[in-house]
Amino acid sequence: MLEKMVQLLKSSCSCVLATCSNNRPHCSLMAYVTDDAGRTVYMITRKKSRKYGNMQENPLVSFLVDTRGAGDSQDMSQVSALTVHGSFHPLANPAEKQAVLNRLLERQPHLKELTDHPDIEVFSIAVESFLLLDGVVNAYFEILQ
88 MLEKMVQLLK SSCSCVLATC SNNRPHCSLM AYVTDDAGRT VYMITRKKSR
138 KYGNMQENPL VSFLVDTRGA GDSQDMSQVS ALTVHGSFHP LANPAEKQAV
188 LNRLLERQPH LKELTDHPDI EVFSIAVESF LLLDGVVNAY FEILQ
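Start counting at 1 in the sequence shown, then tack on 87, and there's your number in our numbering.
It is worth saying that the hints were derived from the structure and are not from the lab. For each residue, glycine too, the CB sits at the ideal point set by N, CA and C.
DEER-style ranges, computed between Cβ atoms:
{"hint": "1", "residue 1": "G156", "residue 2": "E183", "range": "28 to 34 Å"}
{"hint": "2", "residue 1": "P181", "residue 2": "R126", "range": "19 to 25 Å"}
{"hint": "3", "residue 1": "N110", "residue 2": "G156", "range": "31 to 37 Å"}
{"hint": "4", "residue 1": "C100", "residue 2": "Q185", "range": "18 to 24 Å"}
{"hint": "5", "residue 1": "P177", "residue 2": "F228", "range": "26 to 32 Å"}
{"hint": "6", "residue 1": "V223", "residue 2": "H176", "range": "30 to 36 Å"}
{"hint": "7", "residue 1": "G156", "residue 2": "R126", "range": "25 to 31 Å"}
{"hint": "8", "residue 1": "Q143", "residue 2": "E200", "range": "21 to 27 Å"}
{"hint": "9", "residue 1": "D122", "residue 2": "L151", "range": "17 to 23 Å"}
{"hint": "10", "residue 1": "K199", "residue 2": "I230", "range": "36 to 42 Å"}
{"hint": "11", "residue 1": "I230", "residue 2": "A179", "range": "24 to 30 Å"}
In silico DSSO-like pairs for lysine-lysine, Cα to Cα no more than 30 Å straight-line:
{"hint": "12", "residue 1": "K91", "residue 2": "K184"}
{"hint": "13", "residue 1": "K184", "residue 2": "K134"}
{"hint": "14", "residue 1": "K97", "residue 2": "K134"}
Just need the whole structure built from these sequences, with the hints factored in.
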């Protein structure tokens, strides 16, 4: 089941990121890319955003990736939803930051205006666990070592 979880993570390009500060959750629609193993996820945001401040205060995050498609014809009983738990780490290495930005733009060119912004920060999330809901009743949990 772990392979299915990693494949779902790697095949998608957007998620809803949940951060928390002072016991107040905050959700953000985010674009992302992963490393080859699907154990590290890379995202970008503005340094002055609420989510970035939240992650600096509390580095524990979760995000949701799912298989919902556009349109009303999809059988919602067949949707898979993957909750990923992990920890936030800002990237310090300029070459690593640029490599992530290049990969994001290759996959999602509409992010160009954001990647060019002077206030942009590149960060990673080290994946700690996966929770996959496959359909409406089948749930699978994996802790990564």
